[in-house]
Amino acid sequence: MSNRYSADEMMSVAAARALGDGMSCFVGIGLPSKAANLARRAHAPNLTLIYESGCLGAKPSRLPLSIGDGELADTADAVISVPEVFNYWLQPGRIDVGFLGAAQLDKFGNINTTVIGSDYHDPKVRLPGAGGAPEIAASCGEVFIVLRQNPRAFVEKVDFVTSFGHGTGKGDREKLGLPGRGPTLVVTDLGLLRPDPETAELTLTQLHPGVDLDSAIAATGWKLKVSDDLETTPAPTEQELTLLRDLEKASA
Amino acid sequence: MAELLSLEEAVARLVHDGDTVALEGFTHLIPVAAGQEIIRQRRRDLTLVRMTPDIVYDQLIGAGCARKLIFSWGGNPGVGSLHRFRDAVQHEWPVPLEIEEHSHAGMANRYVAGASGLPFAVLRGYTGTDLPAQTETIKPITCPFTGEKLTAVPALNPDVSIIHAQRADRSGNVQMWGITGVQKEAVLAAKRSLVTVEEIVDELAPRPGAVVLPAWVVTAVAEVPGGAKPSYAAGYYERDNAAYQAWDKIGRDREEFTKWLNELTGVKA
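So the sequences go chain by chain: L and W.
Under the numbering used here, think of the first position of the first sequence as 1, with each following residue one higher.
Under the numbering used here, think of the first position of the second sequence as 1001, with each following residue one higher.
One thing to keep in mind: the hints can contain errors.
What the hints assert, rightly or not - Example chain W residues on the side facing chain L (calculated, C-beta under 7 angstroms, incomplete):
#, residue
1, F1026
2, A1105
3, F1120
Unchecked claim - Straight-line distance between alpha carbons at most 35 angstroms, and here's what the computed DSBU-like set of lysine-lysine pairs gives:
#, chain 1, residue 1, chain 2, residue 2
4, L, K124, W, K1229
5, W, K1068, W, K1229
6, W, K1229, L, K59
Claimed, not checked - Here are the in silico distance ranges between beta carbons for each label pair:
#, chain 1, residue 1, chain 2, residue 2, range
7, L, E174, W, R1254, 48 to 56 angstroms
8, L, K225, W, R1042, 55 to 63 angstroms
9, W, A1242, L, H43, 29 to 37 angstroms
10, L, K124, W, N1262, 54 to 62 angstroms
11, W, E1238, L, D21, 28 to 36 angstroms
12, L, H121, W, A1243, 13 to 21 angstroms
13, W, R1042, L, K124, 29 to 37 angstroms
14, L, E84, W, E1003, 26 to 34 angstroms
15, L, K225, W, Y1237, 48 to 56 angstroms
For the record, the hints were derived by calculation from the structure and aren't laboratory data.
Note that the structure is predicted; figures quoted are calculated from it, not measured.
Yeah, the Cβ is synthetic: ideal placement off N, Cα and C, and Gly gets one too.
Could you put the whole structure together from the sequences, leaning on the hints where they help?
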């Protein structure tokens, strides 16, 4: 077997690795769902997956087609109503990690999935909207974000704050009384970003193998800060790649 | 007691121009056939309510049935965007569409308040986001006991809520199972309700975890086998994913969509 892999595969593997065994994770659709299901197969068999459709402890045998896929319900510990998911499970802070995607992300980890353009009533692009994300971002213990890195997605300031990250910098969450710690990790196809402990500005802390620093800087719409101890992500192992490809094959 | 009606008659009697209408379903058991019957009967100026407007809402919006949409996430689940919805918001085609935008937690709590007979619900949400500035129905509220700043959202009480379920008996008691989203709350919050079902049976066999809506909270039941297609009905059929993908192409183009609409409504091109 060849050890060649794509940038998207590296991103999925790196995102999966962020989820520890025994954690509970509120899973968003798309890339987060892929990463969470890979983690459960690779190193975190006791990861509890929670989907906003009401599936608590889902263990799907393939990637769900949507957050309400019947496979999630059939394999869940319990299927509960949507009001119960948000009011009893998410809001009181019972969930360790919220795993989200984004259309736009800014340097303080604020997420936009509502509109592109400065006029809400006359948007350049109308996006799907908030879904469960604002309260996931507010109430989970911490938030991981996964998205592909390019200057259109990685912007200095999001056009619309759908889900609050670190606002305009460190301390904003505390001022607003938000219970969770907010975004602690962003995983992209190029590397990892983490909030700076002093300023909460997202800082590049890891580059994936074969990605040069200049291309990561060029893919970022703000002046990207780079950690002094910039590390290289360990390449996906054969086992991780096999599990990921099997998962995708089972879902095709 | 729920009346057993045909879908055509139920929609004719229960859904009026200008009504606030909720067709709920969280990916599972989406009342697609009922939505398409509303299109056929050419209802206008509806305020459509739904947490997750998907392709049947794209169809209703594209057909010009809606004046306003109250929602929290609009997309073709697992596929991409709703292009008729986008066209209505961005270009007012075929008619302008006003939107009232919430989060899932906000919408779920609005239904809970509606079902509870209360004027509003309280949640710890929306804080720090740009949503309250755009949505009149999100307001700050202070807890009278602790002083904590929270969010209030008003009850949703649709004129009519429509859902799809697996079964009903001949008296109109309804049974549904699997992912049941906010369907129970939507029915209990509404002034009138219509439940389309896969089948009407003599007696409902008990099923663990099932939601049962007794006949006296439901206005009408219509037997519509396959009424949730292309979404799925646990125990009956699976999601037709190809149909969701095919909708992307139809919804993307006004001409393609118009052809689709003419076929649905029986208009000769």
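For each hint, the structure was consulted:
no.: 1; hint: F1026; verdict: holds (5 angstroms)
no.: 2; hint: A1105; verdict: holds (4 angstroms)
no.: 3; hint: F1120; verdict: violated (15 angstroms)
no.: 4; hint: L/K124 / W/K1229; verdict: holds (33 angstroms)
no.: 5; hint: W/K1068 / W/K1229; verdict: holds (25 angstroms)
no.: 6; hint: W/K1229 / L/K59; verdict: holds (25 angstroms)
no.: 7; hint: L/E174 / W/R1254: 48 to 56 angstroms; verdict: holds (49 angstroms)
no.: 8; hint: L/K225 / W/R1042: 55 to 63 angstroms; verdict: holds (58 angstroms)
no.: 9; hint: W/A1242 / L/H43: 29 to 37 angstroms; verdict: holds (35 angstroms)
no.: 10; hint: L/K124 / W/N1262: 54 to 62 angstroms; verdict: violated (31 angstroms)
no.: 11; hint: W/E1238 / L/D21: 28 to 36 angstroms; verdict: holds (32 angstroms)
no.: 12; hint: L/H121 / W/A1243: 13 to 21 angstroms; verdict: violated (33 angstroms)
no.: 13; hint: W/R1042 / L/K124: 29 to 37 angstroms; verdict: holds (33 angstroms)
no.: 14; hint: L/E84 / W/E1003: 26 to 34 angstroms; verdict: holds (31 angstroms)
no.: 15; hint: L/K225 / W/Y1237: 48 to 56 angstroms; verdict: holds (52 angstroms)
Violated hints, listed in ascending order, are 3, 10, 12; each of the other numbered hints is respected by the structure.
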